Amino acid sequence: MFDQYLARRYRTTVRPSKEDYLIKDNVAIVGIGATEFSKNSGRSEIQMVCEAIKDAVDDAGLNMEDIDGMVRFTMDYTDEMHIASSLGIPNLTYFGECGWGGGASCATVMHAAAAVAAGVANCVVCYRGMNERSGQRYGRAPGAEQVLTAPNDHFGSIMPYGFATPPSWVAMFARRYIHEFGATPEQLGWVSVVCREYACMNPKAMFYGRPITLQDYMEARMIVEPLRLYDCCVDTDGAVAMILTTAERAKDLKQRPAYIMGATQGIATQGEMMTSYYRPRISGLPEAWYAGQELWRVTGVTPKDVDVAQFYDAFTPLIPMQLEEYGFCDVGEGVAFCEGGDRIRLGGEIPCNTSGGHLSEAYIHGMNLIAEAVRQIRGTSTAQVKDVELSLVTGGLGVPTSAVLLRR
Amino acid sequence: MMEYVPGIPLLRPYIDLDNQGFWEGVKQHKLVFQKCQDCGLFVHRPRPMCPRCLSTEKEWVSSEGRGKVYSWVNFVYANAAYPGIKVPYPVVVVEMVEGVRMISNLYDVNPEDVYIGMPVEVVFDDIADDLTLPKFKRSEA
Chain G
487 MFDQYLARRY RTTVRPSKED YLIKDNVAIV GIGATEFSKN SGRSEIQMVC EAIKDAVDDA
547 GLNMEDIDGM VRFTMDYTDE MHIASSLGIP NLTYFGECGW GGGASCATVM HAAAAVAAGV
607 ANCVVCYRGM NERSGQRYGR APGAEQVLTA PNDHFGSIMP YGFATPPSWV AMFARRYIHE
667 FGATPEQLGW VSVVCREYAC MNPKAMFYGR PITLQDYMEA RMIVEPLRLY DCCVDTDGAV
727 AMILTTAERA KDLKQRPAYI MGATQGIATQ GEMMTSYYRP RISGLPEAWY AGQELWRVTG
787 VTPKDVDVAQ FYDAFTPLIP MQLEEYGFCD VGEGVAFCEG GDRIRLGGEI PCNTSGGHLS
847 EAYIHGMNLI AEAVRQIRGT STAQVKDVEL SLVTGGLGVP TSAVLLRR
Chain Z
15 MMEYVPGIPL LRPYIDLDNQ GFWEGVKQHK LVFQKCQDCG LFVHRPRPMC PRCLSTEKEW
75 VSSEGRGKVY SWVNFVYANA AYPGIKVPYP VVVVEMVEGV RMISNLYDVN PEDVYIGMPV
135 EVVFDDIADD LTLPKFKRSE A
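Going down the list, the sequences are from chains G and Z. First residue of the first sequence: 487, per this note's numbering; consecutive thereafter. First residue of the second sequence: 15, per this note's numbering; consecutive thereafter.
Just so you know, the hints here were simulated from the structure itself, not pulled from any lab data. Mixed in with the good hints there might be a few duds.
A partial selection of chain Z residues facing chain G, derived with a Cβ cut-off under 7 Å [what the hints assert, rightly or not]:
1. L31
2. N33
3. Q34
4. S69
5. T70
6. V87
7. V90
8. Y91
9. I117
10. Y129
11. I130
12. P133
It should be emphasised that the depicted structure is a prediction, and the values quoted were computed from it without experimental measurement. Note that CB positions come from ideal geometry on N, CA and C, so glycine has one too.
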């Protein structure tokens, strides 16, 4: 039994009936808001969060007193009580949090949608704010000056070996992927180049106006071998927020609603926080496979139907790996899919990360990707795909993950 | 050789009721893994129950100490590395002959010589009076 789970057995017989999935088409993202993305915001994380929520409320055409629910990231340093007080929100009837770093991004939307569909809240905010560039950069190791013992068994099993930063944790998966499928650095480089092309179309992107070539990618310094500088996302200060409400109410609001067809989460057995190396195969991301299997099951959609995707891209190898896990190509073919870039550019089979993604727009832990997925439904992206009906977005990888499928 | 930077402490393992057998073994220069007494499954990292048969009866069994490099990375950029260790230094995932994998460092191996499948055997690095880590050196077979 256990061995079957390790080999990714998806047990549809123990899943709830599709007819019981209340989220589908009954909830919509009606407002999106954000601060600027920068290297140094000059203000507190909670101020940025409040600004982003106000921006989202204005965008939706709602009033602040309409907000009655809030979902936060466990990893966020702000909280719903302080935010409600700062924004003059009279009361919240629903609030919760989602764990596992960036894996929480689409999960916050799922939890908010579930609350709306269940009738426990009417207008729910999901948000993330971080001074992740001017404050503690995730790409750097935490200081050991005050901490002599790792905070838990997991970190205690990796930190003493100097295995201390996210690029190294993803590099360990990537090395195996490269080994098993014969991937080349040039193939991975195309992911980075295409994301930068999209960022150069997006004036709000951190790397707007700064294109890179494949040669730039190849010549940039190594960070943690086998990952290079442009394999890594851009540490960012900023905040993003969004508002969900019922499909019924969405009809009368300011923007074209982005209806939620499906929202799912995934944990796979023998997983760890970024270091799930104990499974039979580590050249894939079974959490994403599970989140995808459930997403396609509850929505009845197949990857072929999807018009545009925002794949969580803290590091370049995650895009080809997700193309495989979400079923856009076969196992081991992800990097070949990205080679040359045309299949993930506008006009390609599945345009990916059209705002520039984490690699080149900003790294707000997946939330800026969700905002872009909504803009693709609205028709307001700076790299707009024509006639978008279905827009996919995914949450953080190497950790328990999540995914959302939006429809027009 | 890994070069530690004086004055910057290394994070110590977090020892709890589930993993203390592993770290006590390391302290005595013995590599041990958790093994289910009912179904025989080796489990690493240690878990409270056997994930295969759900037994809580487990023992610490000496490892042969041999394995192969399953995957590895090389820290080359100091800002993305642990400040207490000088770059470059590799981190490896070793697949042990018992079937479990573990994260560790290489001992006395140049990063450019590492490859997937490289046979390795355990050595114990006494880094400080109160810190011993199991590491791996290149072996013949």
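Against the structure, the hints:
no.	hint	result
1	L31	violated (10 Å)
2	N33	holds (6 Å)
3	Q34	violated (10 Å)
4	S69	violated (12 Å)
5	T70	violated (16 Å)
6	V87	holds (4 Å)
7	V90	holds (5 Å)
8	Y91	holds (5 Å)
9	I117	holds (6 Å)
10	Y129	violated (9 Å)
11	I130	holds (5 Å)
12	P133	violated (16 Å)
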